[in-house]
Structure formats: C-alpha cells, structure tokens
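Enquirer: The primary structure of each chain is shown beneath.
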Amino acid sequence: MPELTYLEAITDGLREEMRHDESVFCLGQDIGNFGGAFKVTEGLAAEFGRDRVWDTPLAESAIVGAAVGAAVEGMRPIAEMQFSDFIACGFDQLVNVAAKMHYRQGLAVPMVMRLPSGGGFSGGPFHSQNPEAWFLQAPGLKVVAPSTPEDAKGLMASAVRDPNPVLYMEHKHLYRRLRGEVADGRYETPLSQVRVAREGSELTVIAYGAMVHTALEATEDLDGAGIEVVDLRTLCPLDTEGILASVRKTSKVVVLHEATRSCGIGAEVCALIAEEAFEDLDGPVVRVTAPDVPIPFSPPLERAVLPQVDQVRDACRELLGY
Amino acid sequence: MPELTYLEAITDGLREEMRHDESVFCLGQDIGNFGGAFKVTEGLAAEFGRDRVWDTPLAESAIVGAAVGAAVEGMRPIAEMQFSDFIACGFDQLVNVAAKMHYRQGLAVPMVMRLPSGGGFSGGPFHSQNPEAWFLQAPGLKVVAPSTPEDAKGLMASAVRDPNPVLYMEHKHLYRRLRGEVADGRYETPLSQVRVAREGSELTVIAYGAMVHTALEATEDLDGAGIEVVDLRTLCPLDTEGILASVRKTSKVVVLHEATRSCGIGAEVCALIAEEAFEDLDGPVVRVTAPDVPIPFSPPLERAVLPQVDQVRDACRELLGY
Amino acid sequence: MATPTARPAQLEPRERDTAAQLTVEDRRELLRYMLLMRATEERALGLYRQGKVPGSHYDGRGQEAVSVGSAFALSPRDRACILHRDLGAHLIRGVTPGRVLAQMMGRVGGVTNGRDGNMHFGDPGLGCVGMVSMLPDMAPVACGLALAFQMRREPRVAMTWFGDGSTANGQWHEAMNVAGVRRLPIVFILENNQYAYSTPNELEFAVDPVERAATYGFAGVKVDGNDVEAVFQAAAEACDRARVGGGPTLIQAETMRMHGHGAHDDMSYVPPELFEHWAARDPIETFEKRLGEEGLETESLHKAVAETLERETEWALACPMPDPATAAEGVFATEDPVLGDGHAPWSRWSGRAATDA
Amino acid sequence: MATPTARPAQLEPRERDTAAQLTVEDRRELLRYMLLMRATEERALGLYRQGKVPGSHYDGRGQEAVSVGSAFALSPRDRACILHRDLGAHLIRGVTPGRVLAQMMGRVGGVTNGRDGNMHFGDPGLGCVGMVSMLPDMAPVACGLALAFQMRREPRVAMTWFGDGSTANGQWHEAMNVAGVRRLPIVFILENNQYAYSTPNELEFAVDPVERAATYGFAGVKVDGNDVEAVFQAAAEACDRARVGGGPTLIQAETMRMHGHGAHDDMSYVPPELFEHWAARDPIETFEKRLGEEGLETESLHKAVAETLERETEWALACPMPDPATAAEGVFATEDPVLGDGHAPWSRWSGRAATDA
Ligand SMILES: Cc1ncc(C[n+]2csc(CCOP(=O)(O)OP(=O)(O)O)c2C)c(N)n1
Ligand SMILES: Cc1ncc(C[n+]2csc(CCOP(=O)(O)OP(=O)(O)O)c2C)c(N)n1
Ligand SMILES: [Mg+2]
Ligand SMILES: [Mg+2]
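Residue numbers (this note's numbering), protein chains in the order written: chain A, 1 to 322; chain B, 1 to 322; chain C, 1 to 357; chain D, 1 to 357.
I should point out that these hints are in silico values taken from the structure, not numbers from a laboratory. All C-beta atoms, glycine included, are put in the ideal place defined by N, C-alpha and C. Treat each hint with caution, since some may be false.
[What the hints assert, rightly or not] Covered stretches of chain D, going by a simulated chain A footprint (3 or more residues, C-beta under 8 Å):
#1 129 to 141
#2 159 to 173
#3 312 to 319
[As the list claims (entries may be wrong)] DSSO-like, lysine-lysine: derived pairs with alpha carbons at most 30 Å apart:
#4 Lys-39/A with Lys-303/D
#5 Lys-222/C with Lys-289/D
#6 Lys-222/C with Lys-289/C
#7 Lys-222/D with Lys-289/D
#8 Lys-303/C with Lys-289/C
#9 Lys-52/C with Lys-39/B
#10 Lys-289/D with Lys-52/D
#11 Lys-289/D with Lys-303/D
#12 Lys-303/C with Lys-52/C
This is chain A alone, in the form it adopts within the complex:
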C-alpha cells in the first residue's frame, strides 16, 4: 500500500469519488486553477475540467446554497470553505436549509462540506477555529473528523455516498505532517463508528482529529499504565455504544479536544457518560480542551491555549491516581 500524507489521502479520496460517479463535483474558492489554498484539490481541474471543479466567487452562502440545490437535483457536490472559520458566513444555509430539509420534506441532501480546521501554525483567531460543535446543535447534519490518512480517504468516500449533508473536518495541522498507508481504489470507512487507536484497560482518552495524536503521544508510555485511546472519527451522530463500551472497560475518562471548552464535543461526551455510565465511573470525567478564548496568533500564546501533550499527561496521571 502506498504511503500518503493526510492531505494526499484527501485528494486521493476526492479523485476516486469523482472518477467513480460523474455527479460528484467540487466547488469553492481557488480550488480549480490554483488547486486550493492548501493544494488539496490540485490536479482535479486538470483531470475533470473547470466545470466540475468550480472556482466560485467569494460568497459562502451561495456556495453552500448552490451545493444544496445541486444535491437535491441529483448531483453530489463537495463544497470547500477555504478555512473552516468561514463557515460562519454560510452558516444559515447549512443549519436552516441543508440540515432541516429531510425532516421537513423528506428530501435528501447528499452534499459534503469540506472544512479545513484547527490551529497550531500561528493562523490566528480566524484561521484556527474548530467549529464542529455548532453543528450538533443543528439536527440534520453529520460531522466527521478523520485523524489518519486511511480514515481521511475512507470517510471522504462515506461522506460523499451518504444521502445527508456531511461536514468533513480536515485538520490543517495534519495535512503534511502525517503520513500513513492508504489503500488504492475506493473504500468506505463506516460513519458513526469509533476507532480504538490503542487498547488499554486503566483509563480512556477520547479524542478526534489532530488531538488523537496528542493523546497517543501523551499516553504512549505513561508510568506503564494501560491507556486506551478512542478516536471518535464521527462526531455526529456519535457512536454512543462505542464510547460507553470503552468507559465501562476502563472506568476513567479524559476527553480531549482542540476546540474551546464550553458546549464543545467534549461537553456532550462527558454528559453522555455522566448520564449513561455513572455507575461505571471511578472518577470525575475530565476535559482537556482549549479554554474559552479566541485562538491567539503569537506562538507562545497559541501554545498556551491549545492542549499540549503535557497537559494530557498531567490529566491522565491525576485521574489514574484518583
């Protein structure tokens, strides 16, 4: 199997889906000629034409809205926000039009919304956000957040084939820093199934996206403790059974994410556990997240805000000793 970067795996996923089905097309800013701000769509315009890789005007609502319209008319659009932060500009079309379409009128909206997200490279307050939790408060949207090249490709395939609007959170900091084996050809990674990134029995760290790697690094050799790392992969709908199974096994949980704290995915996971696995718990459910602040630009500030390996380690140690 070839080794691809996380970014190449996404590109590969896009290419496979576009080859597989003529109705799949991409739209977004600078994705055609330029190949996208991060070069994720590089080569696609050359292979599939500028019509199927549309360089749109700077108009997020029109991008999302056009994707919705094309999707209900039988196409399978993959829309890109140049940075996930800009989804705030197309927010209404997502949460009010796309999300509610099927519930209201039984009409499916098979579209993918690519959201390059996350920080760690001095992107500052407007190029570092992790907006995924908003969409759990907008029933009707699915959200995936791959952490490996393999899943990046497989979840892209599943997202494209799913008849619902799927937000695809691709973590920018993983784009070129992470490599892994990726199978040739099409394959689908099932939605709403956690991946146990490492088995363990003494404590569970639940994470997704780039933080899966922070979790793995932090717990690789933590005083010899057997720490399980659960990669959520799909954030909505959550794999509640997969989460609870690990909690029941280990009885101690640290929930880790890069997004800010209040009402984040971590809050939902903690609430789920506090409600459904109370009796299995041997300690408080601990969150390690960014605090409730905009993500600052300057490296020392950004480092202070984004969860670091040491923090995860400290949280695990404290909970292990509980």
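Chain A is fixed; fit chains B, C and D with the ligands onto it per the hints.
Expert: Chains B, C and D with the ligands in isolation, oriented as in the chain A frame:
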C-alpha cells in the same frame, strides 16, 4: 409594584435604558412604526423618534455589523432579530467580529442582541429555535435568558450597561402568558448569578427561560420531595459556583432545557458537574431536553418534541428513587 | 457600461420558441388558477379563524397574477422554489388545494405531513423545493438547481420568487452575482408588493432593485404584477432565454399585498389611498373583465372552483393529525433524493415528452 | 432610472470645502508614506524569510497609491477600517513601522500584542477598528461607525477598504444597501487588484462593480489606483460629500497586486503580460517621476525612510514575545470602548481643532 407581563417588562427595560442614556438606541426589522413583530418595541419610536428606533432593511449581517460599529464608537445599540432563528443570518458578525473584538484589540463592544426564542405555539422549524448554545462556542459573547418579568427588566439593564456583546434570549412563549411584579425605574439584575427559584435538598432541577416554569410546575408537589429549582439566568459566563453549590447540597441533578440535546447548555452543565462535583453525586446527571430534531409545526408533534411537565416529573422520580 | 459577461453560455443557442402564445384555453386556465388560489386562501383563512390552523397564517391576496402568471410558463421538468405569497405556483405544479389546507392545519396529507407549516412547503414529487423562513435563502438553492441543469447540459430552468424586502439581504446578492457570473438558467421573480412586513420600499432600498440586474450582467424586466398575461409573457421569455443558454432574468412584478403580512397584521401602516389604488386594480377582476370583453365565458370557472374547494376542504378536514410517536423520525435520510416532475398546464407543453422541455 | 434616495440627508448641507488642494509638502508626504509602506513591507518580508514572522505573510505591493491616497483625505476624528493590502493607511493614521513589524512577529509592542497577526489589526487609539479575516465584514461595521456620526449630527466620515473579491459577498451588498438607504457618511474604497487570491475578475463578477453604486443610490467613481493624487482627489471629494450629508461614495481604484496573495503564492496564475503591464506603472516610480519633473527633490525621502526603518526594526526586534500566562486574559471587557483620534497629515487639517473636522 406594578404587575407586568414578561413582554411589558422587556419594553419597560428598553424604555428605561433609552431614557437613562441618549447613546442607547434600537435597530431591527419593523421595530419602529409597527412596534416589532411581537410589539416589544411598541411606543418607543413615538417617544424616542425613528432615528433611535430604526426600521432596518431585511439584512441581518448589516444589523449586527452596524451595531458593532456603533458600539465601538460609543453608542449602546440594542439590535433585534425578528426571531432568534434569524441570528444564523448574522452569525458571522457575532462570532467573528463582535465576540473576538476585545480579546484581539482591547476594544469593548457594548451591544445587546435581542433574540426572541423558543417554541410552544406551532411556530415550526424556523420560528421556534433556541440557539443559545452556539454562542458558548464563540468566546467573547455573554448570554442571558430571563425567566421572569423582574429578571427580564433587570437583565436588560445589565446587558445594556455591560461593555460586552450580550445576547438576550427572550422566550416568546412567556411574552403574554407570564405576569409578575416589576419595580418602577432602573435596576440591574447581576449577570452570572443563578437564582434559586425554589429551595430544596433532595434534588436539583437546573433550567432557564420558559423551562424554569416547567420545572417549578413539575416539581411543585412531587411526592413531597424537597426539590430545588435553579434558574441559570445567565448562560455565559455560567455561574459555576452557584450551580455547584446546589449540586453539593442535593447530590442529584436534572438539567432541563428546551433546546435540542447534543452540545446544548445542558451538556455543558452536566460536564461541569461530572468534572467538578463527581464526589458529591448520588446518581447520574440526567438531561431532559428536546431530542435532536428540528422543531415540528403540528401541535402533537411539537408537544412530543418539547420537554413537558410529565417528562420532568418522571425524570425526577426516577432519580429520586436511584 | 456593462462589460461582457464573464462566462460563455454553456448550451449551444438553438432556435427560440416562437413568442409565447396563449390559447383561449390557456387564458381560462390562468383565470382558473387565480380563482383557485384565492378560494383556497380564503378557505384557509376561514379555517384559521375557526382555530383549525395552528400558529400564524400568511397569504398572497392581491398577488395571484404574479405567482400564476410566472409559474404557468414552466415546463414539467423545470424546478421551482416558491415563496409564501405564491400559492398559485404550487397549484399549477399540481399540489391540490386539499393538501394545502391539510398543510396549514398541520395534518397528515399536508405537503409536509405536519412537519412544517404555513407556506413552508414544496412537493419534491412535483419538482418543488420548499422554502425556508429565512429570506431569500431559496435563491442560492435555486442557483444550485440551475447549476445541475447547466452541468448536465439539460435545457431546463429553475424559477424562484422573492419579495422586495429580500433584495436587501446578502444571500440575494450572492445568488444574483453567481447566477450572472455562470449565466445560469434561472428566472428570478421579484414580487414588489410595496412592503416588507411593515417596512415600506423607501426604507428598504434607495433605487428600484430591478436596476441591479444589469450590474449583475443580465436582463431586468419590470412588469405590472397585477396583469397575469404580462407576467406570463415576461416569464415565458425569460424561460426561453434561460433554456438556450442566455442566462438569468430578473423580473420585477409591481403589485400589492392586500392582506396583512400575517393574519395578525391589520396593515395600519398602509395609507388608505395606496390600498384603494391597488384595490381598484384587482388582478382577478381585471383579467376576468378583459376576458369577458373578448366574449369568453368565465362564470362556470367560479362554480367549478367553488365545488373543488368544497371537496378538497372535506378531504383535508378528514385528514388525521400526525402520530406524536413519529416526531423524532426522519432527521436523517437513508435514500438519495428524487425530485419528480411537476404539472405544466400551458398548452405548449401538452403533447411533448416531459424530457423535451 | 434612479429613483430618488429614500432618506433625506441627516445634516444640513453646509458650504463645501474648496476643492481638495495639496501643498508641495502634502505631495512629498504622499510619496513619503508610499515609500514607508513599501519599505516596511519589504522589511517584514525579510523578517518572514528569516523565520521571524510566524504563520503567513500578506502585503500590498503595488497598491501603495490606493491606501495612501485615500487615507490621506481623512481628518483626525474620522474613523477607518483598513484592509490587509493597506499598510499605508495605518501609517498615515499614526501606527509606527516598528509596531507593524512587532505585530507581524507576534510580539508585545505590536498593535495587538501578539493576540492577532498579519494585517489583522487597527489601533483603536488612532481611530481604527482592525479588520477580521472574513471579507468584507468591516463594511457593515464601518456603516455602524458612520451611523453613530449621523445620529449624533457630527461631520465625520467612516472609510473602509475592500477588494474586488469581496464585492461578491453578501455582507458587501448589505452594507452598500444600508449605507444608501440611510445616506450614511461613509467612503467605500474598492481596490480592484484584478484578482481575489487566484480568481480573476471574470470569475468574480459579470459587470464592473462600480456600476452598482448607482443602483444603491449613490455615486460610484472609478480611478486609476496607481495614481496617488487621483485616488486622493476622489477620496477627498467623497469625504467632503459625506461630511455635509451627501451620503456614501464607492471609489473603485484599478490597480494590481504585484506580490502573491501571501508569501507562499508564486502568482503562477497571472499572465506575464499582465504583470509587465502593471510593473511599468509602479505607483511610487510614477509619482516620484512626476514630482521630479516638477523640480521637487525626493532623494532625501528615501534616505529618511531607510533610516526610520532601521530604527523601527531595531525597536521591533527588541520587543519581547508575549507571556503565555496572559493567553486567556481579556476575553471580556471590563470598561467601555474609547476610540481615539488618528493622525491626519494633510495640511488641511493642521491648525484645526480635531473636533472641527
Ligand atoms: C432573513 C430573514 N429575516 C427576517 C425575516 C422575518 N420576515 C418575515 S417576512 C418579512 C418581510 C419580507 O418582506 P418581502 O421580502 O418584501 O416579502 P413579502 O412578505 O412582502 O412578500 C420579514 C422581515 C425573514 N423571514 N428572513
Ligand atoms: C468571507 C471570506 N471568505 C474567504 C476568505 C479567504 N480569502 C482570503 S483573501 C481572499 C481573496 C480576497 O480577494 P479580494 O477581496 O479581491 O482582496 P485582495 O486580497 O485581492 O486584496 C480569500 C478568498 C476570506 N478572507 N473571507
Ligand atoms: Mg414585500
Ligand atoms: Mg483582489
């Protein structure tokens, strides 16, 4: 003290603030001549002129953005969304411009965003939403949600005087259904302080907005149990001490809200409790919320989706018996 | 002044259909649909007053010529995103009055089976995508429909309606601009009914929005929105143009909302003279008078419509309320979308294969 | 064509200032600011290449005449929301190059003290509200500033800048429309630098956006964006008009971005002929040549600017990185906002009280 409806109390609050400070003004759709879709601003244009009660075009981003600009220039704008649902159309200005302004450049944004929210009257998927939780994932915004006429007026005063953008969730279903004594003249209800709506020692129900009344009704005489009802009043920043104090006292918690479940305010409150008060808990932290669906129009469907008194009662009974 | 549009037409221009021709039967149909719209809305208002319609009630009284005249130009495989003032367009696409009444009452059998209410619907089986409340969110969505046609080289048209108020909104602009840049096969119907809720035109825009079309690179046409044939003519031309790759058209139909924004609204903000001016130009009366002067019989239409309404109301009232146990179902789709084709009563379409639109 | 604007001017029209007059010293200042902008950006790029600037790097190479010419028209108490291509406007308002360099390097002493980076700043103490990344979000905000002036009957102006790409966005439209309806005292500077990132004009709009101004009810003016005096003249007229209640102006300055969108962008999408065309029209060289032909000495400005840059760079490099312990502070304000007044180097403003703008 005069008895006012919840709606009249809001109007009274607006009037007092406008009389008190010339820099306070209102902007929004149909708020002048017509007095607003719900008549909350009735009489204000007559008293203060159409310039200070501006009938804007149908342009939510411009409304929020203009409020931000006027606020930093020393005015104290109170902007209205005709329904809170429409905040999705001005979302970006709130979460990216208003919220981050002070952190980024030390510039305060003293504005109030009025958001008539909530369901219960067959408003359907676009006139019934409770979007408050989104804003906890956008650090820099404050959120209040009064449940009584007294607090409606006092929190309006505090919101207007606060140097930050404050989202003021006013529950439409309380507008004319709820009356209460409201003091004449200006007074401020402090932000970030819960109100214990009823004292009790066996179980705590935490709620806000209209659901405070559902909580009170459900637990008024529940098999003689002493049930405490905590009204959050401010949703951001949360009064964590106020919440935890009640939990420590009762050891059992039901969190109730009308908004949908995943990543709602309830998730945050549960996570807070699971983390900070684990040792005080005598049972799972239970959420009673709308399920993750758009709010349907038809009365039997809407009733099935919005939390009802019976559900709260059942949840409390079950937890009491734990 | 206008620089050439940026994107060449996607379709080879083909012979234009000869100028839209209405047969006598077509003209009677236009009247019939206007009568049916008004009768259905009157009935719905009656049901609302009886407490059978939950929530609020909105209608398009006075605007019948806009919705009927424009939708009548559509072919079966065209698609429509219809506004809350445009019941006539739904009726033309094939939604029965009974389903509309059931919709308003929140019943099973209504177009959304109680999930949504009011005019927030569209029958996907009839080529419609139901509006959301946020205005004018369907404009970008209609661009997406048109984009699909353009990409697949299909001679089809998307039509969408919005009010004067909506032209102030950013999504309106984004849709117009994108449609202009890509020369999408789309027809925008701007219903200027003088008010956005209580807000008069002069607080909404400084210049008539139809002027903007040229600055987006396409035609803007202003028509008398109370003249159903004038609206039809403009819409038919716009559809023809769109179908052959000529790009979008913005049609601004001047009309007046003769009821309040909703049933709760007494329109006290409308000066009586303005109201009287428009009352004297009722689109149905005007058109019926014209037909009468040409010797067409129209009385029987009234009777037929009244009978239809009786039957349809009965049907609607027999519809059950939805089962609360189903309230949480259907948030996510398990199957791909299938938009069906709509009715197309204009004689031009009869006898043609639906695919040959 | 244009119907009269909806809202009468808020201010009593007063005697217009005589047509904007530039003294010899003013013209030297225009050149000096352009040189200072270019020198500062070149230095910043150098620091970026040395790895001292984290994240990305954006500049306004080739657009100096737009930002300098327009901002030079502002009075001290006017307010500005400045774009990422317009360092010159910041310098004119009084931000020192050292603070800009410290800003780019994420240091204390930078305008945002490391909280934000790149060109995402504005010194509130100098009457600026810093841009956010979302484009063109400052357009509605600038409307709010202008609204405050209008409500308080103050003869002040808000100025804001945006690119050609931004004109496709809904917020642009909402701001323009609202400004037109309320006749706000605002000046919009549209910098058409031919591209939005890699996207050329013809994929952004079908018709030159300056044409739209008339449909919003105000003046649209197209100027040579590489001629600093032409830009200044248009801006000064627009400011004068706005100050006396004459409403907004949209100035479209035609120019070219001579660097990539960011430092990572090699501009391979720009045809070499186009690049050469603009390279031959460098705004600084052109203007300096013109001054030279008129016998003005300019050489000393180069020397002075170079010296300033040395000093300022040294200062910036001596600034410390922020203390990580402060990272979570300041999310919420505890005091009301105070926007201070900016510098206003145009000779018209000297000797006048700031309040008499
Ligand atoms: C984005 C948005 N903001 C506010 C509203 C509330 N609202 C409902 S109808 C209306 C007026 C609409 O005016 P117009 O577009 O002229 O349509 P009309 O009702 O006159 O046909 C408003 C403000 C809305 N539906 N959508
Ligand atoms: C709302 C929004 N969408 C996308 C972007 C990403 N982006 C940054 S700059 C840029 C191009 C901007 O073009 P233009 O407005 O012409 O300004 P220029 O950079 O050419 O000065 C884009 C698409 C953004 N900043 N804001
Ligand atoms: Mg209208
Ligand atoms: Mg540009």
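Enquirer: May I ask which of the numbered hints given earlier this structure violates, with the numbers listed in increasing order?
Expert: Structure breaks hints 3, 4, 5, 10.
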